[in-house]
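Peer 1: What follows is the residue order along each chain.
Protein chains: 2
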Amino acid sequence: MADYDFLESNIKAFEPDAIVHFAEQRSAPYSMIDRKHAIFTQVNNVVGTLNVLFAIRELRPDCHLIKLGTMGEYGTPNIDIEEGYITIEHNGRKDVLPYPKQPGSFYHLSKVHDSHNIMFCCKIWGIRATDLNQGVVYGTMTDEVELDEALINRFDYDDVFGTVLNRFCVQAAIGQPLTVYGKGGQTRGFLDIRDTVRCIEIACENPAKSGECRVYNQFTEQFSVLELARMVEAAGKKLGMNVEIDHLPDPRVESENHYYNAKHSKLIDLGLQPHFLSDSLLDSLVNIAVKYRDRVDASLMLPQVNWREPRNDRRLQQSMTARATLGGAGSDSGRVRASKAKR
Amino acid sequence: MADYDFLESNIKAFEPDAIVHFAEQRSAPYSMIDRKHAIFTQVNNVVGTLNVLFAIRELRPDCHLIKLGTMGEYGTPNIDIEEGYITIEHNGRKDVLPYPKQPGSFYHLSKVHDSHNIMFCCKIWGIRATDLNQGVVYGTMTDEVELDEALINRFDYDDVFGTVLNRFCVQAAIGQPLTVYGKGGQTRGFLDIRDTVRCIEIACENPAKSGECRVYNQFTEQFSVLELARMVEAAGKKLGMNVEIDHLPDPRVESENHYYNAKHSKLIDLGLQPHFLSDSLLDSLVNIAVKYRDRVDASLMLPQVNWREPRNDRRLQQSMTARATLGGAGSDSGRVRASKAKR
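Chains Y and F, in that order, give the protein sequences.
Our numbering puts the first residue of the first sequence at 76, with every later residue one more than the last.
Our numbering puts the first residue of the second sequence at 76, with every later residue one more than the last.
A couple of the hints might just be wrong.
Which copy is meant is left open, so a pair is good if it fits within one copy or across any two.
Said to hold, decoys possible - Straight-line Cα separation of at most 25 Å, DMTMM-like style, residue types lysine to aspartate or glutamate; simulated pairs: (1) LYS198 / GLU329; (2) LYS341 / ASP137; (3) LYS198 / ASP218; (4) LYS198 / ASP109; (5) LYS284 / GLU158; (6) LYS312 / ASP170; (7) LYS338 / ASP92; (8) LYS341 / GLU308; (9) LYS198 / GLU384.
Since the hints were derived computationally from the structure, they do not count as laboratory data.
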């Protein structure tokens, strides 16, 4: 995306009616490693999205941009989170304005920058855009992926690219305590990977109008991190595993207890039928982690990136294996045997 | 600023207590020329500011960052504009949140990106910052500059780097009609260049607290573009000049008539004594333009950059002379003789 000539030639060749733009550096901890990672994240993401916007305007002005944003753009305000816009009454007057953003990492900031750029291009050029503010994704299986083991998606569980429920399932599977950051009261929106895919399909089937910049909050349920840990603990017990919960000092700068009520009705209105995180789904997630547990690198779980430091020196071994995947088509370096956590 | 090694060595050498950061691409029309100018503007400004933030955290954590923002970050909402933050009551709850931003160019967007990045770094690293959301500056003289002609500041009047009141004075001085974009109901905050300098001094003398990201709206009066044109017309008449007003199609995408009421009391509370745009000041501005009118390039006044186009091919001659300055220490290319407007 950062290479405009490449992007231009592809758009000319494909003549797309919709562009689903997921091509960004996607990890908050990665963006917080040091200055170079922060700058790489923001330049890569902002320039890539600007290139897509210019390419649409120049080559396919009717093409619908579907852009992956994040629920993390909003932060954790003490009022309800709306879908992209909020009606504000102030000193006797009223307007509908972009919802104020309080992102929590240089990565989340890059998505906020993108959102502002997209909104502006819709306004000046009449571009059609849907900004999908996605919650934290869990799971690895979709109907298509289930057809063959070789199709299984990445299953990131490490401290940099992993997501929290994936990590908890893997920690339970290898007998490591679940690592909750701080009190664990951090509440976020979550969704099943199958709903991720369906939401994109829904957005494609229902394009935005010319000049419209729609924002959908793409998640199905809210949980606190501690609630998730408790649920994995219970699922583990049912499977005869002894699961412990550890509270680590929070490496991030965030509220460990806060109000959180985020709206998410627009995708439901368009037909999304959520896969909720039921006991049976959680059992199957833990079972997947158990099935592939001999591939897990147990040393990748503890947080190595501290938000409070301007540079974090991660151990060489860890940065070499940070992309370890479980069950996926990842590199061999990710396929090391389970070992005890190093600390 | 974009060269971190240079920045680092300078901060180590100077050990500053405050950094006044004006080092950004500062023109909205420049950022709207085409994709490359848009990307240059955003990368240059965002990376420069990130570098300053990291340098302060690493080298001078107590150093006060004074950053030039712009009133254009807010756009023209239908409610009062507050200074950086707004208290929002929503569904029975309340919070103080960053004021929603609706910037009107890739340049203004870059400042919004900066503001979000600065706010975040104050939060995670305890940096002290003052974000000065400045209005449109007019005038060229300060007490210090007046000591010698060689000290006179840039006086940009061209369509890319010029500001509106400067351009109107120059157009009046050379007998060109004042070029109002659209209806001219665009209302903005304005301030005298002497107040700009004083506001920075005030910010330096009253540093933000550790972790505080203050936002001051730095302007002293609101005018619509048409009001300014009428004032220059009147000042010209007093000086025996015949001043006409032309309405051009607005090259920007903006409201030509809108509500505008922006708060600006915080700098006054700290001691700013504004220089208002009185008749006598306007007379002296027009007189400065008259004094140097033989240096004006009359072909630089008409807008060449259309917001609605993704690329604007500006004439070679004009791009070569776009940095023309009047009375300043600019390059020779800016010192061409006045000639009739071409169109």
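Peer 1: Quick check: which numbered hints come out false for this structure?
Peer 2: 3, 6, 7, 8
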